[in-house]
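Now for the letters of each chain:
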Amino acid sequence: MQIKIIIFGQLCDLLGENLVLDNIADTDSLTAALHRKYPELVNTKYMIAVNKKLVVGNIILSNNNTVALMPAFSGG
Amino acid sequence: MQIKIIIFGQLCDLLGENLVLDNIADTDSLTAALHRKYPELVNTKYMIAVNKKLVVGNIILSNNNTVALMPAFSGG
Amino acid sequence: MILKKPKNIFVRGPVAASFIGASIQKHNTKTEIGGHSIFLGQVRADVIEEKKVVAIEYTAYEEMAMEQMHVIREEIFAKYQLSCMHIYHSLGKIAAGEICLFVFTSSPHRKAAIDACSEIVERIKTELPIWGKELFTDESHQWKVNK
Amino acid sequence: MILKKPKNIFVRGPVAASFIGASIQKHNTKTEIGGHSIFLGQVRADVIEEKKVVAIEYTAYEEMAMEQMHVIREEIFAKYQLSCMHIYHSLGKIAAGEICLFVFTSSPHRKAAIDACSEIVERIKTELPIWGKELFTDESHQWKVNK
Numbered sequence: 001m002q003i004k005i006i007i008f009g010q011l012c013d014l015l016g017e018n019l020v021l022d023n024i025a026d027t028d029s030l031t032a033a034l035h036r037k038y039p040e041l042v043n044t045k046y047m048i049a050v051n052k053k054l055v056v057g058n059i060i061l062s063n064n065n066t067v068a069l070m071p072a073f074s075g076g
Numbered sequence: 001m002q003i004k005i006i007i008f009g010q011l012c013d014l015l016g017e018n019l020v021l022d023n024i025a026d027t028d029s030l031t032a033a034l035h036r037k038y039p040e041l042v043n044t045k046y047m048i049a050v051n052k053k054l055v056v057g058n059i060i061l062s063n064n065n066t067v068a069l070m071p072a073f074s075g076g
Numbered sequence: 001m002i003l004k005k006p007k008n009i010f011v012r013g014p015v016a017a018s019f020i021g022a023s024i025q026k027h028n029t030k031t032e033i034g035g036h037s038i039f040l041g042q043v044r045a046d047v048i049e050e051k052k053v054v055a056i057e058y059t060a061y062e063e064m065a066m067e068q069m070h071v072i073r074e075e076i077f078a079k080y081q082l083s084c085m086h087i088y089h090s091l092g093k094i095a096a097g098e099i100c101l102f103v104f105t106s107s108p109h110r111k112a113a114i115d116a117c118s119e120i121v122e123r124i125k126t127e128l129p130i131w132g133k134e135l136f137t138d139e140s141h142q143w144k145v146n147k
Numbered sequence: 001m002i003l004k005k006p007k008n009i010f011v012r013g014p015v016a017a018s019f020i021g022a023s024i025q026k027h028n029t030k031t032e033i034g035g036h037s038i039f040l041g042q043v044r045a046d047v048i049e050e051k052k053v054v055a056i057e058y059t060a061y062e063e064m065a066m067e068q069m070h071v072i073r074e075e076i077f078a079k080y081q082l083s084c085m086h087i088y089h090s091l092g093k094i095a096a097g098e099i100c101l102f103v104f105t106s107s108p109h110r111k112a113a114i115d116a117c118s119e120i121v122e123r124i125k126t127e128l129p130i131w132g133k134e135l136f137t138d139e140s141h142q143w144k145v146n147k
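Chains as they are written, first to last, in the numbering used here: chain A, 1 to 76; chain B, 1 to 76; chain C, 1 to 147; chain D, 1 to 147.
If you're looking for bench data, these hints aren't it; they were derived computationally from the structure.
Heads up, the beta-carbon is just placed ideally off N, CA and C, and yes, glycines get one too.
One or more of the hints may lead you astray.
Lysine-lysine pairs mimicking DSSO-like chemistry, simulated, CA-CA at most 27 angstroms apart [as the list claims (entries may be wrong)]:
#1 C:LYS93 with D:LYS26
#2 A:LYS45 with D:LYS93
#3 D:LYS26 with A:LYS45
Partial list, computed: chain C residues near chain B (C-beta under 8 angstroms) [what the hints assert, rightly or not]:
#4 THR29
#5 ALA60
#6 ILE124
Chain A extracted, bound-state conformation (with noise of 0.2 angstroms):
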């Protein structure tokens, strides 16, 4: 399974606009996915949105599912 990752913020500058990963089964698998492609995110602080909502805890990700990146939001 392919999973799209949009990103936003400062994470852009780290990581670029668009990112694909294989093999991710959930979101914690994800950041472990990322952690060890960018060793710097290890101590970036960011939320993760799936389908558009805030994922709290760890959840089970499917070929649909739009996974977002997020910083802290500095709208205003």
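Since the structure of chain A is already known, use the hints to place chains B, C and D on it.
Leaving out everything else, chains B, C and D in the frame of chain A:
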């Protein structure tokens, strides 16, 4: 001594907009004279300003004073 | 910022929406400002005992109101970190739906602008010698009471 | 008042002062309104380590922001007696001195309009997925942090 009195708000409905009273030494005697002339004032709440300052207590009046009778403010 | 002379806050007739837009526009050169807070008082067509308010006629003890507003202005500038403060209050007959009060504060940070603006509105309503006469369709009236 | 579909709060580029004036003007037929409260966010030319902010470039997760704003809108309407609520947030490059946020609430009574407006501003800043990139004169940037 004559005191010229300017009148605002709903007090205009009772007293007209201007009023001249004779032989008024201080604001307490002003109030007494007004209440004799306009008994309906006795039960009306109003403030007195002398030279644009709100009067607290009794104040001696002199010829150049501007005395204002003001009901509760309702601007805005 | 120290203001020496009381400013005239009174305008004859309603405050025009275009005037408010133009006032906002003027602040785009003040690049230390981060937030503006605006309060607008609008005349309500209240229905009181089956009679509808069509307008409020405002009168004021203008000289005293301007002196008192000057005191409020200096106290607010001392209390909050403000870049600007603009106050306009209507006099005369203001129809329902028209704007009779325009309070406009600006600050580097939103909290100062917002808190100053609402404090000014409260103080205008309780401390300035201004009176509103609510005019009904049948030409009778009653005097406005501030809550 | 129940809104079925999330409204689009985003505008490309700055919010024009004339647009704000026109928005105010539109409310003169709503004669149950007694007070309007407006907050405007303006881009500040902050100086950070001797470099000056010339603009903020805003991006957002637009669909998620609109859904979240829809939730906020319904919660604010349930909490306060409001006649109207209008929200506009800029996207793209907004120069220092330009307006990037316009929050506009109206109510029969001032307190509801004022309290709702400032609560909406706080919630927009903390709950909407929007990011500001502060652009400096030398074309470097830093990411805005909300306080």
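Here is what the structure says about each hint:
no.	hint	result
1	C:LYS93 with D:LYS26	20 angstroms, holds
2	A:LYS45 with D:LYS93	25 angstroms, holds
3	D:LYS26 with A:LYS45	43 angstroms, violated
4	THR29	30 angstroms, violated
5	ALA60	7 angstroms, holds
6	ILE124	5 angstroms, holds
Of the numbered hints listed earlier, those contradicted by the structure are 3, 4.
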